[in-house]
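Colleague: Given next are the chains, with one letter for each unit.
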Amino acid sequence: MSKTFTLDGREIPFETGQTIMDAALAAAVYIPHLCHNPEFAPHGSCRVCVVDIGGRQVSACTAAASEGLVVDSSSEAIQATRRAILQMLFVEGNHVCPACEKSGACQLQAVAYYTGMLAPHFTHFFPRRPVDASHPDVIIDFNRCILCELCVRASRDHDGKRVFAISGRGLESHLVIDSPSGLLGDSSFAAGDKAAHVCPTGAILPKGRGYETPIGERLYDREPISIVGDVRAHEEEVV
Amino acid sequence: MAEKPRVATASLCGCFGCHMSLLDIDERILQLVDLVTFDRTPLTDIKTLGDCDLGLIEGGVANAENVEVLREFRRRCKTLVAVGACALNGGIPAMRNQFSLAECLHESYCGGIGVHNPGIPNDPEIPLLLNQVHPIHEVVAIDYFLPGCPPSADAIWTFLTAFLEGRPIAFPYTEIRFD
Numbered sequence: 002m003s004k005t006f007t008l009d010g011r012e013i014p015f016e017t018g019q020t021i022m023d024a025a026l027a028a029a030v031y032i033p034h035l036c037h038n039p040e041f042a043p044h045g046s047c048r049v050c051v052v053d054i055g056g057r058q059v060s061a062c063t064a065a066a067s068e069g070l071v072v073d074s075s076s077e078a079i080q081a082t083r084r085a086i087l088q089m090l091f092v093e094g095n096h097v098c099p100a101c102e103k104s105g106a107c108q109l110q111a112v113a114y115y116t117g118m119l120a121p122h123f124t125h126f127f128p129r130r131p132v133d134a135s136h137p138d139v140i141i142d143f144n145r146c147i148l149c150e151l152c153v154r155a156s157r158d159h160d161g162k163r164v165f166a167i168s169g170r171g172l173e174s175h176l177v178i179d180s181p182s183g184l185l186g187d188s189s190f191a192a193g194d195k196a197a198h199v200c201p202t203g204a205i206l207p208k209g210r211g212y213e214t215p216i217g218e219r220l221y222d223r224e225p226i227s228i229v230g231d232v233r234a235h236e237e238e239v240v
Numbered sequence: 495m496a497e498k499p500r501v502a503t504a505s506l507c508g509c510f511g512c513h514m515s516l517l518d519i520d521e522r523i524l525q526l527v528d529l530v531t532f533d534r535t536p537l538t539d540i541k542t543l544g545d546c547d548l549g550l551i552e553g554g555v556a557n558a559e560n561v562e563v564l565r566e567f568r569r570r571c572k573t574l575v576a577v578g579a580c581a582l583n584g585g586i587p588a589m590r591n592q593f594s595l596a597e598c599l600h601e602s603y604c605g606g607i608g609v610h611n612p613g614i615p616n617d618p619e620i621p622l623l624l625n626q627v628h629p630i631h632e633v634v635a636i637d638y639f640l641p642g643c644p645p646s647a648d649a650i651w652t653f654l655t656a657f658l659e660g661r662p663i664a665f666p667y668t669e670i671r672f673d
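Chains as they are written, first to last, in this note's numbering: chain U, 2 to 240; chain F, 495 to 673.
Where hints are given, some of them may not hold.
Claimed, not checked - According to the in silico footprint, chain F covers these stretches of chain U (three or more CB under 8 Å from chain F):
hint, segment
1, 111-124
2, 219-229
Said to hold, decoys possible - Label-pair distances were calculated between CB atoms; the ranges are:
hint, chain 1, residue 1, chain 2, residue 2, range
3, U, PRO137, F, ILE523, 49 to 59 Å
4, F, LYS541, U, VAL132, 39 to 49 Å
5, F, ASP648, U, PRO131, 44 to 54 Å
6, F, LYS541, U, GLU224, 40 to 50 Å
Note that these hints are calculated values from the structure, not bench results. No experiment lies behind these values; they were computed from the predicted model shown. C-beta atoms are modelled at their ideal positions from N, C-alpha and C, and glycine is treated no differently.
Between the sequences and the hints, there should be enough to build the whole structure, so can you do that?
Modeller: Next up, the structure:
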């Protein structure tokens, strides 16, 4: 008989070694997430997958599933915590949705819609960050980077290139590129790399394909992320 | 018969797209004028603001006049709503926050392509620009936020009808967008 835990009142089966997120994904139950991708080791950095277990708030992507756990992922309190996390992500970067090609197919937006976030609430940082358009096929807009490290993990663990890393501490944390000039165009990065297709926001975008899908017909325009899933899966379809 | 709720609207640093979206409610505007009395708004061209039940603000805060108008709306309106991306997070105008005000003025009036007779305008009637464009919640307290660039006519209608009827305000999934 398989082991189970309870997620929002529903029995979720799991195998030893699985996280709450692993088991929920396998059972097709949506727990919002940004830095998690089942193809890579859990990172636990964005905290959007926060769930409540007996009054403790933990990230579902790093917490081990265990027999008899009672997990709350959908109460208003949990959604409010997620909204606050998302609002901080929005004000710490420059997320100008009307000027972003990824809009409508952006996981940051979609998770914000899912949690009922209407406005950023906090005071904006308006940081000054560059755009790197040096690569012939891909553009990086650091204004939209949420430091999820998916490109870091994809480049290191899948592409075997280590093109990306996070440098700095706290508010100074930022994505860096391994090339003599620090520019993507001078690195070994290629448009076919896994790292080019895992970004949950519009930070890493292919050139020459902007606004391919009309507004209103994009991934999250019609249906919520809890139904259609991560943008990554859909990104890979077009490679 | 009780007096109808008074509604005022204003565009600060925005493109008037949110007002255009309000007009996109089409023939429902006849229902709306039955439900409310419009006070100061570009739709009536009334220049002074009276005491209102509801104020709708489009656009961010980019200059001294925007601050003055916004504070006046906060004083006079019982309920104040941020309408559209610029009001919520600065929107497209806030993209100038990547540069210093001096750089922006220089590009626009002195060193930019196609500039003739360079010189930064300094007429006292021109409101002074702020160093940065700000969302309106950073200047005054806001009661409701309606995202979108612009929010769709249906989203505006959903908000207005629920608010005016005193119902809980809830939107279908497709009516809430950040772009």
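Colleague: Are the hints correct? Go through all of them and say.
Modeller: Hint-by-hint comparison with the structure:
1. 111-124: As far as the segment 111-124 of chain U goes, the hint holds, because 7 residues have Cβ atoms under 8 Å from chain F.
2. 219-229: That given contact holds, which follows from 4 residues of the segment 219-229 of chain U lying within Cβ reach (below 8 Å) of chain F.
3. U:PRO137 / F:ILE523: 49 to 59 Å: holds (50 Å)
4. F:LYS541 / U:VAL132: 39 to 49 Å: Distance hint for LYS541 (chain F), VAL132 (chain U) holds at roughly 42 Å.
5. F:ASP648 / U:PRO131: 44 to 54 Å: Distance hint for ASP648 (chain F), PRO131 (chain U) is violated at roughly 38 Å.
6. F:LYS541 / U:GLU224: 40 to 50 Å: holds (45 Å)
The structure fails to meet hint 5 from the earlier list, while all remaining hints are met.
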